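Each chain is listed here by its residues.
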Amino acid sequence: MKIDLRGVLKAYGSVRALDYVSLQIEPGQIVSLLGLNGAGKTTLIRCLAGIAAPDKGGVYFDDQEYHRDRLDLRRRIHLLPDFPFHFWEQTIVRNIAIVLRLFEADGPGVEQQVLQLLREFDLLPLALKPVATLSRGQSYKAGLAALIAADREVWLLDEPFASGMDPHGIDMFKRFARAAAERGRTIIYSTQLLDIAERFSDRVCVIHKGEVRAFDTLEGLRARAEDKNNVLTELFRQLRSSE
Amino acid sequence: MKLHSPAFEKALRRGAKSAIRKSRDLKRAFRRVRRQHPRHYSVVRLGRPVLSVVIAVWVWSVAKQTEHVASALAIITLTAFLSASYRARNLLDHLYAAPDLPALALLPISPEAIFRWEFQKFVRQAAFSLLDLIAAFGSLALSFQFDAARWAGVLLIAVLTWAGLVAGAALGAAYFPRVPFRLGGAMLVVLFWLTTVSDTFRDYFVNLLPACALGINLVLPLGWPVSLFHLLMPNPHWSWLYLLLPVGILIWSLKSSLARLRSYYEFQEQTVPPAPDIVPGSEWEEAVEQSVSEDALQAVGPTEMEEIVMSRQFLAEPPWHQRGWFERKLWDWLTDREKVLAEFAFPNGIEIRRPWKHIVITLVITCFLAGPLSLVFPTASIWLLGLGLFAGACQVLAQLGGARAFGLVQSSGISIPMYAAYGVGYRELARMLFKRVVVQIPLLVAYALAASLMLGYVARFPLAASLTFGIKAAGVFFAASFVITTFGFSSGTNDTHVRARTLVFICLMVSSAVAGLILGLAAFLWPKPMTSWVCWLVFLLNAYAFFRIYGYFYHKNYFDLMRMPQQQV
Chain Z
2 MKIDLRGVLK
12 AYGSVRALDY
22 VSLQIEPGQI
32 VSLLGLNGAG
42 KTTLIRCLAG
52 IAAPDKGGVY
62 FDDQEYHRDR
72 LDLRRRIHLL
82 PDFPFHFWEQ
92 TIVRNIAIVL
102 RLFEADGPGV
112 EQQVLQLLRE
122 FDLLPLALKP
132 VATLSRGQSY
142 KAGLAALIAA
152 DREVWLLDEP
162 FASGMDPHGI
172 DMFKRFARAA
182 AERGRTIIYS
192 TQLLDIAERF
202 SDRVCVIHKG
212 EVRAFDTLEG
222 LRARAEDKNN
232 VLTELFRQLR
242 SSE
Chain F
8 MKLHSPAFEK
18 ALRRGAKSAI
28 RKSRDLKRAF
38 RRVRRQHPRH
48 YSVVRLGRPV
58 LSVVIAVWVW
68 SVAKQTEHVA
78 SALAIITLTA
88 FLSASYRARN
98 LLDHLYAAPD
108 LPALALLPIS
118 PEAIFRWEFQ
128 KFVRQAAFSL
138 LDLIAAFGSL
148 ALSFQFDAAR
158 WAGVLLIAVL
168 TWAGLVAGAA
178 LGAAYFPRVP
188 FRLGGAMLVV
198 LFWLTTVSDT
208 FRDYFVNLLP
218 ACALGINLVL
228 PLGWPVSLFH
238 LLMPNPHWSW
248 LYLLLPVGIL
258 IWSLKSSLAR
268 LRSYYEFQEQ
278 TVPPAPDIVP
288 GSEWEEAVEQ
298 SVSEDALQAV
308 GPTEMEEIVM
318 SRQFLAEPPW
328 HQRGWFERKL
338 WDWLTDREKV
348 LAEFAFPNGI
358 EIRRPWKHIV
368 ITLVITCFLA
378 GPLSLVFPTA
388 SIWLLGLGLF
398 AGACQVLAQL
408 GGARAFGLVQ
418 SSGISIPMYA
428 AYGVGYRELA
438 RMLFKRVVVQ
448 IPLLVAYALA
458 ASLMLGYVAR
468 FPLAASLTFG
478 IKAAGVFFAA
488 SFVITTFGFS
498 SGTNDTHVRA
508 RTLVFICLMV
518 SSAVAGLILG
528 LAAFLWPKPM
538 TSWVCWLVFL
548 LNAYAFFRIY
558 GYFYHKNYFD
568 LMRMPQQQV
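Residue numbers (the working numbering), protein chains in the order written: chain Z, 2 to 244; chain F, 8 to 576.
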């Protein structure tokens, strides 16, 4: 699904979280959103998910403007916040089942996929435990398992690498995300970890004070940078010094 | 239950005594041991009757000061009520924190037998309350110089009150175990201090008692058996016998309370797990390994988990439609998508029968209390009925709303409603919620009619006016569902954050709400029937319009589906 932000302005009082942002994301890409704290990464994700309403401009999916009554468009997007939304007293499998049914992704064969995900994320022995009894990393994995199983066209993830997941979980997520991107899914995630963004993204979007300062492939950024080995570190140093 | 054989103990005691008597050496040893271990007598047990005497003197002094028997009975009622509260805690302590429980749990005794044993101990301890009641009623009987037949009646009333006290304590322990019952004892001391010791408050409270004594005796359940004392007075009013019915119900509730307590009773001693730094090869390590293997046997293993997942059991819809007739009707009416939304909005399944049962119980209790009260205290009965109906109306409104989908979840410093995170639509979710309300319309109408008829009876309204009021009230409840749903969506948004863009929206919503309020009042208060019915109809339409207007702005992205702390805005 092609994503197009056209002059999106989102302000909280006098603070412009997104300052006339225009951006085009083609399907089948992994896009990392980078920026200092309060730069507008999460607001951008919320605008894409329809939670935050742009003050001006619009969000377009496949050239169709998104409004909240366009449920057909909304159901093609899956949001996973930094603290996943669960029914805490329900078990992992029950939470996954609710999400799958909401997205109408509970067709034949999904059980195989769920089983594989539970195994890969080490959740199988915990599958019948209430989510409230899990650690933060485990509950994030549960949310991630639901997201991967539902397999929407756009995955929106807020800080998945600061979610408390263990290295194995992170590795699994990367593998599933890469496979999904190859199937044409668009994965957009925010992070503060530059080395992860360097290795795990097709495009990098650097946001600073609500403005998109860079949106390019790593090779593209590297070609323009002075220090070719530390492109993103260099870029952030410049952003800090420009404040 | 007998944990020991009394016959065997008796025979053993006799045998030991005769053996001691026969042997000089044993006699000497017996005397030596007795000197070393003198017999202990519980000061609490010995001193406890003193408290009964204090209560008796208290009741007697109140009766003497007020020269009003109901006031003295009110003191007994309050004492019994607060004692019941204290005893409820006492019962829970017996069942879950008695010192003999850890030992009993190790014996091959069923939890039921332990429950019975602990309850017997509780009843034995509660016998002191019977002593209090006999002393309190006895002091009144003495001051009124009752004959032997009336003394028998006093004893009977004391026993009935005590049975009610035990039943009340069990009721509290079974249904409201989290209530701080221990405060009952403290409140009793405060009450005693206020009415006897404190010079500042004594006269005020004692003078106040005659005015509210009847209310206390009729409102508090333990006042019902206490009020039977009026039957022993000269020229009794036999309508007091009416109170035997609620007294019987109160005592009868003991059975269900105990059944409820017994149903989830299982004492488990809390054990501290061994420290993780176990020395390899020690006996602790073996114990831990053993306990781990036992846990593994009890837990559902991965293979079974795999079966559950592969059989698609976890994807099965929860069978909430089996809960009752109304649930089944709703299930049949909902589309597949709406069933999914119902599961999302109510993850534990939709419940109609049980909440309405509670609503009916509230109504019945209210009517039951207000009905007899209206015969002796009409103003108090209207207040009581109003209070009960208000509580019932709150229950009804809670039943019409309460979807988990509107619950807020914290995310990066803001709150987001659940439905927004999963892209659930405004109309589709609202449609499902309205269907849920529509199925409950017969219950709504029945409740509104019953409540208005009761109100009409107490306030002496004509029957037709009461019926009209009930039908209109049912309509208002139904219209409230539109408003509740709209507020459900609104609760997780920043729609009230005034900006140039939302100004029109806020003006429209406020004017619709004000119009609704005026129309609602006119529907009930307008003198001309035709106009009032028109107002009622427009009120319903306005509630629907309120929902639709909000939906229009919702779909046009006029506000965010999140709430942020005020300082961030």
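Hints may contain errors.
A short, non-exhaustive set of chain Z residues, derived as facing chain F with CB atoms under 8 Å [to be verified]: (1) F86; (2) V100; (3) E220.
Examples of chain Z residues toward chain F, derived with CB under 8 Å [claimed, not checked]: (4) I52; (5) A53; (6) D83; (7) V94; (8) G110; (9) E112; (10) L135; (11) A163; (12) D217; (13) L219.
Every beta carbon over 10 Å from chain F, so not counted as near; a handful from chain Z, in silico [what the hints assert, rightly or not]: (14) G8; (15) Y13; (16) D20; (17) E27; (18) D70; (19) L72; (20) R102; (21) E105; (22) L116; (23) R179; (24) E183; (25) D196; (26) A224; (27) T234.
By construction, these hints were calculated from the structure, which means they are not laboratory data.
Note that the structure is a prediction, hence the values are computed from the model and not measured.
Glycine included, every Cβ here is placed at the ideal spot set by N, Cα and C.
A quick look at each hint next to the structure:
1. F86: Given a least distance of 5 Å, the restraint on F86/Z holds.
2. V100: holds, 7 Å
3. E220: violated, 31 Å
4. I52: Holds - the Cβ of I52/Z comes within 8 Å of chain F, reaching about 5 Å at its closest.
5. A53: Constraint on A53/Z satisfied, holds at 5 Å.
6. D83: Hint on D83/Z: holds, closest Cβ of chain F at ~6 Å, below 8 Å.
7. V94: Given a least distance of 4 Å, the restraint on V94/Z holds.
8. G110: Check failed: Cβ of G110/Z comes no nearer than 10 Å to chain F, outside 8 Å.
9. E112: holds, 5 Å
10. L135: violated, 15 Å
11. A163: With a minimum Cβ separation of about 11 Å from chain F (threshold 8 Å), the hint on A163/Z is violated.
12. D217: violated, 26 Å
13. L219: At about 26 Å, which exceeds the 8 Å cut-off, the nearest Cβ of chain F leaves the hint on L219/Z violated.
14. G8: holds, 15 Å
15. Y13: violated, 6 Å
16. D20: holds, 17 Å
17. E27: holds, 22 Å
18. D70: Contrary to the label, D70/Z does not stay out of reach of chain F, its closest Cβ about 4 Å off (not over 10 Å).
19. L72: violated, 5 Å
20. R102: Its Cβ does come within 10 Å of chain F, the nearest being 5 Å, so this is violated.
21. E105: violated, 8 Å
22. L116: Violated: least Cβ distance 5 Å, not greater than 10 Å.
23. R179: holds, 25 Å
24. E183: holds, 25 Å
25. D196: Per Cβ check, D196/Z is outside 10 Å of chain F; nearest 23 Å; holds.
26. A224: holds, 34 Å
27. T234: holds, 25 Å
Of the numbered hints given earlier, the model fails hints 3, 8, 10, 11, 12, 13, 15, 18, 19, 20, 21, 22; all others are met.
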